[in-house]
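Asker: So the chains spell out like this:
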Amino acid sequence: MAFLELRNLSKSFDSTPVLRSIDLSVDEGEFVAVVGPSGCGKSTLLRIIAGLEAHEAGEILISGVRVDALPPKARDIAMVFQSYALYPHMTVAQNLAFPLVMRDLSRLERLPLVRRLNHRVAAKYRDIRATIEETAALVELSSLLERKPKQLSGGQQQRVALARALVRQPSLFLLDEPLSNLDAALRASTRTEIVELQRRLGVTTVYVTHDQTEAMTMARRIAVMMDGKIVQMGQAEEIYRLPNDLRVAQFIGMPQMTLLPGDVRGGVIWVAGAQTLGRVAKPASPRVTVGYRAEDIKLADGSTTSLTGILRHVEFLGSEALIHLELTGLPEVAPLIVRVAPDTPMDLAPGTVYGIALDPRNAHVFGADGRRLDFEPLAHAATMSAGVVGGNGA
Amino acid sequence: MTADALPANSLVPSSRRSQAGIAWLFVAPLLIGLFLFLLLPSLGVVILSFSDWKLGEKNIAFYGLANYMELFTDPVFWNSATNTALYCLFVTPISVALGVWLAVLIESSRLGRVFFRSACFLPVVSTTVAMAIVWEFLLHPTLGPVNALLVLIGIPAQRFLSDAALVLPTLAAYGIWENAGYVMVLVMAGLKTIPSDLYSAASVDGADRPWERFWTITWPMLGPTMVFVVIIILLRVVRVFETVAALTQGGPHRASEVILYTIYLEGFNYFRIGYASALTVVFLLVMLILMLIKFRLLDRAAHYQ
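One line per chain: the protein sequences are A and B, in this order.
Per the working numbering, the first sequence starts with residue 1, numbered consecutively.
Per the working numbering, the second sequence starts with residue 1, numbered consecutively.
If you're looking for bench data, these hints aren't it; they were derived computationally from the structure.
Take the hints with a grain of salt, since some may be wrong.
To be verified - Listed below are the simulated DSS-like cross-link pairs for lysine-lysine, each with C-alpha atoms no more than 30 Å apart in a straight line: (1) 192(B) <-> 73(A); (2) 73(A) <-> 124(A); (3) 192(B) <-> 294(B); (4) 150(A) <-> 124(A); (5) 148(A) <-> 192(B); (6) 192(B) <-> 150(A); (7) 148(A) <-> 124(A); (8) 229(A) <-> 282(A); (9) 294(B) <-> 150(A); (10) 148(A) <-> 73(A); (11) 294(B) <-> 148(A); (12) 73(A) <-> 150(A); (13) 282(A) <-> 298(A); (14) 73(A) <-> 229(A).
Go ahead and model the full structure; you've got the sequences and the hints to work with.
Answerer: So, in structure tokens, the structure goes:
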């Protein structure tokens, strides 16, 4: 059974819908990332799970119990904020102690001086101190416990925020863009640290980010959110290989997927008016979009393919190179991006014309509504290029 | 453009000089004003405080420290100083507390925020003397609505402004009414600087009752603002004058006479400018000390940012 379950969750701000019937289920101990462009509603979703914001329709269940009406503190969750939200007037130790003090001590016991006068309360404070030290050791903060947040570096502050969330051993761990204020090198190492920490503690985690790299490297499953809806949910590879929506295809993957205009004539998909890809299974709109990943496009001799491109720009990235090609005769189409090995012997002078070989089996075809279109790839390379050059007048 | 295209090095200092000249030109009106209307009169007051000059007299003689000696044995001065101190002791903490309460209350409610904010700020921007006349009517022993209300609930009518025991508390209440709105506006500005994420974190961490949120987030985060507010209000309150002049003229029997009013009486009623100057110098010194405390505390309190 799912540990966290969202059913049909909806929310709007002043009649602008920000969440449209969200369904999401997260298994116990699972790490799920919610990824999407800014403004897609992912942070609102997290705040609703935390109970910081109210939703208008739908249900939230944590281990099978509806928590919709419960305040945040009763939901047994912990949250890490993008700004870290550390209490600036408290030391690191006091920051970490705060959730424990609020949970374990009654209002009377929290009063100043009570700790000095009552042995039982003093014992509780000693327990809290022990827990703090344990948690601090977990994220290597032991030597910084008496500092104020202002005296810490960004990475250290981030670890304090993590520790404060973990110190209570919550059953659900919510992270809202926790790495976006760190520099690139620190972000990469913290990514690994968080994943390892999560695996070790086995705490169910929902991680919100706009960074697809974070989502793909950290999470077991990814929910891609667009315009207040979860458009696709699955493992990183599945979403990369089979994006079910044009927006997902564009959002996931570096570099961005190349998109080419396509059309359907007599049940056959044509790309850029020059090459056939396959037969559509169902009747589809006449206009389609054809997407190719950079590594799926092959370069060939210009005379052997129906599509050709002019080399405009090369990005050398060390382990690979990205070649930007402008489609011959179609300068208004965004350039094709082709990934090649950096040592490929080829002429990289701008203006060089290359043939573009598109394997129908690697094509992603999207209908006018943006949904993925199933089609049956044409197997014969010979039939697809024969006699189509003349049809290039689109 | 490359670095070679820049003008020769020797030009830089002179252009910097002319820039400094322009800067002084812009600051000049303010400096001249400060000198003419603040520093020069202050210096004059200090000099006059060592003289026996009376307003309108042609003779002026060096009087040494005689004015200051008189001051420290003058029961009128000590009475005014005590009244002023009592007034500050009442008005400052209560108007600060009330202002903070109003600010938090109004900021947390959605309804009528603009209305309540304006209503509470009204006493700050309205003319004190005009408002004093309204209050004089409200507190009138026989015609005033306040007394009518008291009688209605079974309390005998009070002579708020002519009863020696009541006059200072009444003026203090007026001062609170006058200053709480000012505190409120300053605190509201301070509240705006508290990141809302802190409140979210606090409610996730278990502090979601209004009182807990106030003590764990709002109050500590307002620290620097509060130091500023307390000193500013104290400086305003110490200078109380118009209310006294308009409502009681220091009466009855000097029960509501404050320092500034004593200075005014000595200088412009009894024409003892030398003595009034000595009073003013003492008052200025107290204000100066308050200012120094303010800057010292503000430096220390600004450690959050």
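Asker: Indicate, hint by hint, whether the structure satisfies it.
Answerer: Hint by hint, here is what the structure shows:
{"no.": "1", "hint": "192(B) <-> 73(A)", "verdict": "25 Å, holds"}
{"no.": "2", "hint": "73(A) <-> 124(A)", "verdict": "20 Å, holds"}
{"no.": "3", "hint": "192(B) <-> 294(B)", "verdict": "22 Å, holds"}
{"no.": "4", "hint": "150(A) <-> 124(A)", "verdict": "28 Å, holds"}
{"no.": "5", "hint": "148(A) <-> 192(B)", "verdict": "22 Å, holds"}
{"no.": "6", "hint": "192(B) <-> 150(A)", "verdict": "20 Å, holds"}
{"no.": "7", "hint": "148(A) <-> 124(A)", "verdict": "23 Å, holds"}
{"no.": "8", "hint": "229(A) <-> 282(A)", "verdict": "25 Å, holds"}
{"no.": "9", "hint": "294(B) <-> 150(A)", "verdict": "24 Å, holds"}
{"no.": "10", "hint": "148(A) <-> 73(A)", "verdict": "25 Å, holds"}
{"no.": "11", "hint": "294(B) <-> 148(A)", "verdict": "24 Å, holds"}
{"no.": "12", "hint": "73(A) <-> 150(A)", "verdict": "27 Å, holds"}
{"no.": "13", "hint": "282(A) <-> 298(A)", "verdict": "29 Å, holds"}
{"no.": "14", "hint": "73(A) <-> 229(A)", "verdict": "27 Å, holds"}
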